[in-house]
Amino acid sequence: MNSLPRIRLEKRLDTPRWLGIATPVFSVLAALLVIALIFGLLGVNPLIAYARIFTGAFGSLYGLSETVTKAIPLMLAGVGLAVAFRTRVYNIGAEGQLLIGAICATGVALFVPGIPDGLRLPAMFGAGALGGALWALIPAVLKARLRIDEVLTSLMTVYIASELVNHLVYGPWKGPGEWGFPYTDKFPLAAQIPRIGITRVHYPTLILALLAAVLAYILVQRTRWGFEIRVTGENPEAARYAGMNYLRTVMLVMALSGALAGIAGVGEVAGIHYRLRYPQGISPGYGFTAIIVAWLARLNPLGVILTSLLIGGLLVGGDAIQLAMGLPSATVYLFNGMILLFVLGGDLFTRYRIRMEFPGRTVVTPVRLEQEEVG
Amino acid sequence: MPDATVPAVEMRGIVKRFPGVLANDHVDLTVRAGEIHALLGENGAGKTTLMNILYGIYHPDEGEIFVKGQRVHIRSPRDAIRLGIGMVHQQFRLVPSHTVLENVVLGLPGNFFFPERAARRRVQEFAQQYGLHVDPDARIWQLSAGEQQRVEIIKALYRGADILILDEPTSMLTPREIEELMSIVRRMADEGHTVVFITHKLDEVFAVSDRVTVLRQGRVIATRETAHTDKRELARLMVGRDVLFRLEKHPVAIGSTALEVQDLHVRNDRGLPAVRGVSFSIAAGEILGIAGVAGNGQRELVEALAGLRPVEKGRVLLNGEDVTNRSPRALVQRGVCYVPGERIVGTVPNLSVAENLILKTYDQAPVCRGIFLDSRSVASHADSLIEQYAVATPSRETPLKLLSGGNIQRTILARETSGEPTLLMAAHPTSGLDVGATEYIRQVLLSQREKGTAILLVSEDLEEILQLSDRIAVMYNGELMGILPADQADLETIGMMMAGVHRTP
Numbered sequence: 001m002n003s004l005p006r007i008r009l010e011k012r013l014d015t016p017r018w019l020g021i022a023t024p025v026f027s028v029l030a031a032l033l034v035i036a037l038i039f040g041l042l043g044v045n046p047l048i049a050y051a052r053i054f055t056g057a058f059g060s061l062y063g064l065s066e067t068v069t070k071a072i073p074l075m076l077a078g079v080g081l082a083v084a085f086r087t088r089v090y091n092i093g094a095e096g097q098l099l100i101g102a103i104c105a106t107g108v109a110l111f112v113p114g115i116p117d118g119l120r121l122p123a124m125f126g127a128g129a130l131g132g133a134l135w136a137l138i139p140a141v142l143k144a145r146l147r148i149d150e151v152l153t154s155l156m157t158v159y160i161a162s163e164l165v166n167h168l169v170y171g172p173w174k175g176p177g178e179w180g181f182p183y184t185d186k187f188p189l190a191a192q193i194p195r196i197g198i199t200r201v202h203y204p205t206l207i208l209a210l211l212a213a214v215l216a217y218i219l220v221q222r223t224r225w226g227f228e229i230r231v232t233g234e235n236p237e238a239a240r241y242a243g244m245n246y247l248r249t250v251m252l253v254m255a256l257s258g259a260l261a262g263i264a265g266v267g268e269v270a271g272i273h274y275r276l277r278y279p280q281g282i283s284p285g286y287g288f289t290a291i292i293v294a295w296l297a298r299l300n301p302l303g304v305i306l307t308s309l310l311i312g313g314l315l316v317g318g319d320a321i322q323l324a325m326g327l328p329s330a331t332v333y334l335f336n337g338m339i340l341l342f343v344l345g346g347d348l349f350t351r352y353r354i355r356m357e358f359p360g361r362t363v364v365t366p367v368r369l370e371q372e373e374v375g
Numbered sequence: 376m377p378d379a380t381v382p383a384v385e386m387r388g389i390v391k392r393f394p395g396v397l398a399n400d401h402v403d404l405t406v407r408a409g410e411i412h413a414l415l416g417e418n419g420a421g422k423t424t425l426m427n428i429l430y431g432i433y434h435p436d437e438g439e440i441f442v443k444g445q446r447v448h449i450r451s452p453r454d455a456i457r458l459g460i461g462m463v464h465q466q467f468r469l470v471p472s473h474t475v476l477e478n479v480v481l482g483l484p485g486n487f488f489f490p491e492r493a494a495r496r497r498v499q500e501f502a503q504q505y506g507l508h509v510d511p512d513a514r515i516w517q518l519s520a521g522e523q524q525r526v527e528i529i530k531a532l533y534r535g536a537d538i539l540i541l542d543e544p545t546s547m548l549t550p551r552e553i554e555e556l557m558s559i560v561r562r563m564a565d566e567g568h569t570v571v572f573i574t575h576k577l578d579e580v581f582a583v584s585d586r587v588t589v590l591r592q593g594r595v596i597a598t599r600e601t602a603h604t605d606k607r608e609l610a611r612l613m614v615g616r617d618v619l620f621r622l623e624k625h626p627v628a629i630g631s632t633a634l635e636v637q638d639l640h641v642r643n644d645r646g647l648p649a650v651r652g653v654s655f656s657i658a659a660g661e662i663l664g665i666a667g668v669a670g671n672g673q674r675e676l677v678e679a680l681a682g683l684r685p686v687e688k689g690r691v692l693l694n695g696e697d698v699t700n701r702s703p704r705a706l707v708q709r710g711v712c713y714v715p716g717e718r719i720v721g722t723v724p725n726l727s728v729a730e731n732l733i734l735k736t737y738d739q740a741p742v743c744r745g746i747f748l749d750s751r752s753v754a755s756h757a758d759s760l761i762e763q764y765a766v767a768t769p770s771r772e773t774p775l776k777l778l779s780g781g782n783i784q785r786t787i788l789a790r791e792t793s794g795e796p797t798l799l800m801a802a803h804p805t806s807g808l809d810v811g812a813t814e815y816i817r818q819v820l821l822s823q824r825e826k827g828t829a830i831l832l833v834s835e836d837l838e839e840i841l842q843l844s845d846r847i848a849v850m851y852n853g854e855l856m857g858i859l860p861a862d863q864a865d866l867e868t869i870g871m872m873m874a875g876v877h878r879t880p
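Residue numbers (our numbering), protein chains in the order written: chain A, 1 to 375; chain B, 376 to 880.
So that you can see chain A by itself, here it is in the shape it has in the complex:
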């Protein structure tokens, strides 16, 4: 006799508004719970670990400033990805676009003479945005013209960009004054983004990131291009039927997300390192982490402001416990992976409702009926 309750999924007709907020919150909580179990298996008290992460990320001025610093590239790239994913254009190559942005900024900083000091940084941001956008257009054109899946091509462009950086810093751009390290020379002062006090918060980039989030929100919700983006994302066939230009929309969102990732790259080389270095030295995978940031915000550009700070905090706090509690360096990736897993999985709850059903006591179950018939 089968007496276990059954779990059934019923499709929701509509998603209540509160669920849209509750789902990411509970997804993060669920991820933290699983990670707590893993911490326990590693012999680390999860409560202490989480407390350290929290204080590491938000508990001191230093921690807070580092959190904001790491949130800047995540926010920039995350906003662009949120818009691209809304269009169902799956740009996985933000990391590569970020690196190209860094290369372009370095080129303008070190190798283009004759720019007045006051225009040096704007020129670098412009070049970085343009470079990132053009780099992103490679998979965009392949998708729109030849229907090649952008997930693969955009990912592959990351490795090309990464090798390009390696080539430059080990080869032609290797700085004579850098003692043989794979670095370019240090940027001149006019090519360094100013920071707040002794922190590493390069605030002009932060302002650009916040501006990007607000403008992207307005773009998607209030403009005719945003309408094209939403229609194309929801039903490409209807977009074509309505006379919308699919090619143009795909190129637009890819260029936009590439440009924002490129700006993030400018911020890293000109605001943090003041030089181009080997790829992992510029970005510890911000372009990939930004995918999580975008999904966690449920693809809302304004939400990205919050989620980039949260994930930035996890990166900082994760570093803190690695050092303090002797955890492996993969800890931060564990957080990223678990959160993405639960956020994507949690999406199920916005589309389906879960029902538990207990077998009734008074009714004849079909199993028993069959037995009666046989007997």
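Derived from the structure by calculation, the hints contain no laboratory data. Some hints could be false.
Covered stretches of chain B, going by a simulated chain A footprint (3 or more residues, C-beta under 8 Å) [unchecked claim]:
{"id": "1", "segment": "683-695"}
{"id": "2", "segment": "732-741"}
{"id": "3", "segment": "746-755"}
Okay, derived cross-link-like pairs now, EDC-like style, lysine to aspartate or glutamate, Cα gap no bigger than 20 Å in a straight line [claimed, not checked]:
{"id": "4", "chain 1": "B", "residue 1": "K776", "chain 2": "A", "residue 2": "E234"}
{"id": "5", "chain 1": "B", "residue 1": "K776", "chain 2": "A", "residue 2": "D347"}
{"id": "6", "chain 1": "B", "residue 1": "K606", "chain 2": "B", "residue 2": "D809"}
{"id": "7", "chain 1": "B", "residue 1": "K443", "chain 2": "B", "residue 2": "D403"}
{"id": "8", "chain 1": "A", "residue 1": "K174", "chain 2": "A", "residue 2": "D185"}
{"id": "9", "chain 1": "B", "residue 1": "K624", "chain 2": "B", "residue 2": "E854"}
{"id": "10", "chain 1": "B", "residue 1": "K776", "chain 2": "A", "residue 2": "E237"}
{"id": "11", "chain 1": "B", "residue 1": "K443", "chain 2": "B", "residue 2": "E385"}
{"id": "12", "chain 1": "B", "residue 1": "K443", "chain 2": "B", "residue 2": "E566"}
Ideal Cβ placement from N, Cα and C applies to all residues, glycine included.
Place chain B on chain A using the hints.
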């Protein structure tokens, strides 16, 4: 043989609530053993919900179910199958790249090895016994809709179903396939099977059923012996008011030529010629009906005229201007409106009713100012169309997917006809709609005609073509078999032309 005194299925007091909807409101249904029982009702009347409960997909909030006299608790389709209940859904659940045999056996317990010989033998038996002819080795994607449906029926029989539920089984079929299905259903009933036949088409009730139960808004309105009722009574029971079967068609002064198509050639998705040298013209204030079995190039023709498919050869003139191979946008701006045959093509289900209403005007004043959408103008545009076309929606912000099929079609029609279209193309505009919505949609088309729009109507429904058109063309194998004035057209002539017989006027 089934015991005729014990009903095959008895459902008592079934209640099923969905958020905001009472889908089944204390429904009582008795299906006698060995009968063909039609379940008639408009879309959203609760027919499919009721049968999904019987098949274990949904669970009733209240009520009791008896199968062959035994009270049962059906918790899943597996339970239903064990009780001898099979269901063929409107959307088939087959694996396209697998063969018929593989699909029939798929999911059955206890088969580690593929029981090929046994399966083949039984499929052949079904073919002989009920006329369920289908090649057991064909892959599903190679089969027509009618053949795929036979595979679904075979699947149910293979699992021992003696109570078979068919959910709107004719909606995807050609007239010939419908005939064949009806004969299969009758043979199954003769062999002692019980069939529940869900439909909203009155003709089908009379063609096949022994008894009919009418549902409206989740409630049982009446059960009748089919022999003791008529079309008018059933329509009234179903809709809740008298239904006009004749539409008022006023004479309209024919205007100048709006659309002229010269020797048009278009290819289909597979790159094969689908439209082969079609020429015709439509005047302002005229409805040209294109009859024919679906798949004879109608879709490719209309898509080419909407700019969605390249014209390979030939010319399209709109009010004298050559618009061959212009973009969809350019055609929209010239007043070409298109109600597509598949509703999903013309709508964005997750966006609101208001947003769906501006799908084609979102970049024009007053909806769009500069680069911004004017939300106030979007709202007032939506409110006036919702009122004018009586779209039943909780609000303009409601996602379109929550509306019924009829109201989605009203929304499309509102968007397409509210401007001043030069040319309105409507493909299968009433397919899948209930009697009330159908009547309304046809009236809108006629009133557009009176406003001087040239209308191209593509439909498989001959009654619709005859009722609305001024001239009738029949398309067969990518060619027009001839164009007749409506007053010279009769079913027999059109039927001949649909079968490929040329006719010169």
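Going down the list of hints, with the structure as the test:
1. 683-695: violated (count 1)
2. 732-741: holds (count 5)
3. 746-755: It holds, with 4 qualifying residues against the three required.
4. K776(B) <-> E234(A): Judged against 20 Å, a Cα distance of about 12 Å means the pair holds.
5. K776(B) <-> D347(A): 19 Å, holds
6. K606(B) <-> D809(B): 14 Å, holds
7. K443(B) <-> D403(B): 16 Å, holds
8. K174(A) <-> D185(A): 7 Å, holds
9. K624(B) <-> E854(B): 29 Å, violated
10. K776(B) <-> E237(A): This hinted pair holds, its Cα atoms lying about 16 Å apart.
11. K443(B) <-> E385(B): 8 Å, holds
12. K443(B) <-> E566(B): Satisfied, since the Cα-Cα distance of roughly 17 Å is no more than 20 Å.
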